[in-house]
Amino acid sequence: MASKISKKIYLDYASFTPGSSKGSFGMGKYWNPGSIHGLGTKTKEFLNKARELCASTINAQSDEIIFTSSGTMSNNIAILGVLEAYNGDIVPHIISSSVEHASVLEVLKNLESEKKIELTLLKSDETGNIDLKELKESIKNNTILICVMMVNNEVGTLFDIPQVSKMIRDYKKENGRKELDYPYLLVDACQAANILDINVQKNHADLLSINGNKIYSPGSALLYKRRGIKLKPVLFGGNQEQSLVPGTENTQSIVSFSDSLKSAQENIEKYFTHTKEIKDFFESGLEKITKEYQVKLKFNSSKESAPTISHFTLDNMPAELLVLELDAKGICVSSMSACKEGDEDVSHVLAAIGAIEKGKENIGGVRFSFGIQTKKSDIKKALKALNSILKKYKGIYF
0 MASKISKKIY LDYASFTPGS SKGSFGMGKY WNPGSIHGLG TKTKEFLNKA RELCASTINA
60 QSDEIIFTSS GTMSNNIAIL GVLEAYNGDI VPHIISSSVE HASVLEVLKN LESEKKIELT
120 LLKSDETGNI DLKELKESIK NNTILICVMM VNNEVGTLFD IPQVSKMIRD YKKENGRKEL
180 DYPYLLVDAC QAANILDINV QKNHADLLSI NGNKIYSPGS ALLYKRRGIK LKPVLFGGNQ
240 EQSLVPGTEN TQSIVSFSDS LKSAQENIEK YFTHTKEIKD FFESGLEKIT KEYQVKLKFN
300 SSKESAPTIS HFTLDNMPAE LLVLELDAKG ICVSSMSACK EGDEDVSHVL AAIGAIEKGK
360 ENIGGVRFSF GIQTKKSDIK KALKALNSIL KKYKGIYF
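Here numbering that gives the first Met the number 0 is used: the first residue of the sequence shown is 0, the next is one more, and so on.
No wet-lab data here; the hints were simulated from the structure.
Here the structure is a predicted model, which is why all the values come from computation and not from measurement.
Please note that the accuracy of each hint is not assured.
Claimed, not checked - Computed Cβ-Cβ distance ranges for the label pairs, DEER-style:
{"#": "1", "residue 1": "315", "residue 2": "375", "range": "28 to 34 Å"}
{"#": "2", "residue 1": "227", "residue 2": "380", "range": "49 to 55 Å"}
{"#": "3", "residue 1": "397", "residue 2": "226", "range": "19 to 25 Å"}
{"#": "4", "residue 1": "323", "residue 2": "353", "range": "25 to 31 Å"}
{"#": "5", "residue 1": "125", "residue 2": "375", "range": "27 to 33 Å"}
{"#": "6", "residue 1": "227", "residue 2": "118", "range": "21 to 27 Å"}
For glycine and all other residues, C-beta sits at the position ideal for the given N, C-alpha and C.
All chains should be built: construct the whole structure from the sequences, respecting the hints.
Next comes the structure, spelled out in structure tokens:
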């Protein structure tokens, strides 16, 4: 079984990055950091050291770092915590891009269905990006939160967070509001930590989530909460992590995560350059193959999207079938975000960017995603597999 797995070519880094030795210093024996005996206090020291390392890596203060178990938990705690802390007389208003991760959109839609918030979903252009003018015009007196991700997890759209935050700060100045007044900005940076600068001072985020699953250190994540931001607990049972994440901290995983985050941010240029070269090589090869078989190829990821993600549709061929055919040949890819796999028939991201043709709602798209370990030899094998699959289905789907 192990040998079969080792022969697989993994091209699904956007859903999960396999553990790396970069975080190996965290692999030791740890105890409960809340215990007052020697082993507990020593573990607390490791936990504090990890918090300080994460803080310095993203240019934050140690008390602004909240450790969680996943990006989904971080986003949930942020959204629900902001809402819980709101004490206005009217129903609060929240704005979000329409291509956010499910851990943001599903929370917001559920709150809207329960009439706990008023929700505005911003339109996306064909690349997935938003119009800053529309965003500014959407802000109301009761707007408490704006959610904009840094990198889209499905098609790789890059969002200009510094410009988004500047627009929000300008709005506050124009309306006589202080810097820490509503609306807050929540940035989902889970797909960005390997390729973009997560410096919270440069990005001016009020809340920001990072997931260890995406930086080669699965098991832990963090929520950055800027000092002065009002956030109330929505989970109960302990006072850990400023009472926002009750339960004993997974110190071993957290220590490893902090090291991986530092490594990721120190190597963003190297990672960006490598994955861009891999992506260009793959897309060029795919274009040649589809041209040879006269297959209509549509890239749903723009040329300006993240170098780690290539998302495309092949004529009338169902995406899930292509994924299964590739898997049979030892190539691991996705047909949509793994967090929503099997949970929806049509990708909300593809629908938002207008990438779904009428009558082809069930075709979907395939996502290849790349990491630092991805080699051109892997891509050559993937292209060879694609060539074989197109040959097999020529005359059936195209």
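Going through the hints against the structure:
1. 315 / 375: 28 to 34 Å: About 30 Å separates the Cβ atoms of residue 315 and residue 375, which means 28 to 34 Å holds.
2. 227 / 380: 49 to 55 Å: With a Cβ separation near 52 Å, residue 227 and residue 380 satisfy 49 to 55 Å, so the hint holds.
3. 397 / 226: 19 to 25 Å: 56 Å, violated
4. 323 / 353: 25 to 31 Å: 27 Å, holds
5. 125 / 375: 27 to 33 Å: 29 Å, holds
6. 227 / 118: 21 to 27 Å: For residue 227 and residue 118 the Cβ distance comes to about 25 Å; the hint holds.
In this structure, the one hint that does not hold is number 3.
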